[in-house]
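> Sequence:
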Amino acid sequence: MKIGKFVQAGRRLKNDPLGFLLDILILIVANLLIPIPLVGNLILEFRGFALGALGFLTVLVLFIFLSIGVVFATPLLIASGYLNSIFPQSVHASSQNDDNFADVSIPQQNPFGGSGLSYVTITAYFHDPNYYLTFGKIHTGIDMVPNDTYFQNSKTYKTTVKMIPLSSLSGTVDYYVDGDGGNTVVVTNGQNSLRALSLHLSQVFVSSGQTIKAGTPLGVMGHTGFATADHLHYEIQINDNGVWTPVDPLPYIQ
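Residue numbers (UniProt numbering): 1 to 254.
Everything labelled a hint here was simulated from the structure, so no lab data went into it. Heads up, a few of these hints could be off.
Label-pair ranges, simulated between beta-carbon atoms [stated by the list, open to error]:
{"no.": "1", "residue 1": "Asn130", "residue 2": "Phe72", "range": "28 to 38 Å"}
{"no.": "2", "residue 1": "Asn241", "residue 2": "Asp180", "range": "25 to 35 Å"}
{"no.": "3", "residue 1": "Asn130", "residue 2": "Leu60", "range": "50 to 60 Å"}
{"no.": "4", "residue 1": "Gly190", "residue 2": "Thr228", "range": "33 to 43 Å"}
{"no.": "5", "residue 1": "Gly242", "residue 2": "Tyr125", "range": "25 to 35 Å"}
{"no.": "6", "residue 1": "Pro246", "residue 2": "Phe65", "range": "40 to 50 Å"}
{"no.": "7", "residue 1": "Asn241", "residue 2": "Lys158", "range": "39 to 49 Å"}
{"no.": "8", "residue 1": "Gly116", "residue 2": "Ile68", "range": "48 to 58 Å"}
{"no.": "9", "residue 1": "Val161", "residue 2": "Asp248", "range": "25 to 35 Å"}
{"no.": "10", "residue 1": "Phe65", "residue 2": "Leu133", "range": "40 to 50 Å"}
With a Cα cut of at most 27 Å, we get these calculated DSS-like pairs of lysine-lysine [claimed, not checked]:
{"no.": "11", "residue 1": "Lys213", "residue 2": "Lys158"}
{"no.": "12", "residue 1": "Lys162", "residue 2": "Lys213"}
{"no.": "13", "residue 1": "Lys213", "residue 2": "Lys137"}
Note that CB positions come from ideal geometry on N, CA and C, so glycine has one too.
Work the whole structure out from these sequences, hints included.
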């Protein structure tokens with residue numbers, strides 16, 4: 001009986017080698033998954049259905065793994081700004097430099113424009129004691145949000161319907177994601193004596209190494225990183241013998 005089966009298998013291998021190998025593969029997989037010979041033989045008898053089921057399961061497993069990958073990868077891609085570089089937002093294209101900003105290496109305006117603080121409301125000041133009591137951290141800049149005057153008069157807002165901070169000085173860009181996952185843009189002047197930091201951006205329009213002028217749109221205000229709501233953390237640092245030291249930004253807003 002066994003000899004007859006071997007002879008039959010040999011003829012099958014000679015006449016249809018691909019089909020023979022496929023049947024062997026199905027039988028091995030079936031017995032690995034369900035180690036009962038009878039079940040393996042039944043699956044072999046209905047190999048067409050078995051192949052269809054195996055293909056469906058393969059596609060299903062791949063779909064599940066891809067879905068999990070997308071779920072975990074998307075926040076990282078958004079935080080890194082990589083998606084913005086691949087899929088430029090229409091707001092970016094419609095954002096233009098604000099000519100009201102003077103081409104300066106030392107800031108003179110707040111990042112939302114206007115005269116002095118007319119376009120913004122300060123929600124936390126430099127070394128704000130309330131901030132320290134609430135979060136247990138020294139506040140090294142000022143937090144600001146646009147006010148009604150901004151919404152009524154800002155050309156940038158009227159064009160984009162987005163709250164877009166602009167560079168307060170001309171210089172070179174350094175963009176990175178901070179330890180809390182916040183999008184941070186740093187603009188350093190040509191003398192390497194002062195730099196301005198803009199934190200928590202939800203979208204970023206500039207890239208590291210780029211040279212920009214004051215008034216260039218940096219991104220869209222958001223709450224990425226260590227933030228409880230949408231706002232801009234604006235920080236000024238001066239180069240103190242090679243050490244970047246935060247100072248109060250208010251004297252740099254006229």
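> Hints first: check each against the structure and report whether it holds.
Hints versus structure:
| no. | hint | result |
| --- | --- | --- |
| 1 | Asn130 <-> Phe72: 28 to 38 Å | 37 Å, holds |
| 2 | Asn241 <-> Asp180: 25 to 35 Å | 28 Å, holds |
| 3 | Asn130 <-> Leu60: 50 to 60 Å | 54 Å, holds |
| 4 | Gly190 <-> Thr228: 33 to 43 Å | 36 Å, holds |
| 5 | Gly242 <-> Tyr125: 25 to 35 Å | 27 Å, holds |
| 6 | Pro246 <-> Phe65: 40 to 50 Å | 45 Å, holds |
| 7 | Asn241 <-> Lys158: 39 to 49 Å | 44 Å, holds |
| 8 | Gly116 <-> Ile68: 48 to 58 Å | 50 Å, holds |
| 9 | Val161 <-> Asp248: 25 to 35 Å | 32 Å, holds |
| 10 | Phe65 <-> Leu133: 40 to 50 Å | 47 Å, holds |
| 11 | Lys213 <-> Lys158 | 21 Å, holds |
| 12 | Lys162 <-> Lys213 | 20 Å, holds |
| 13 | Lys213 <-> Lys137 | 32 Å, violated |
Hint compliance for this structure: hint 13 alone is broken.
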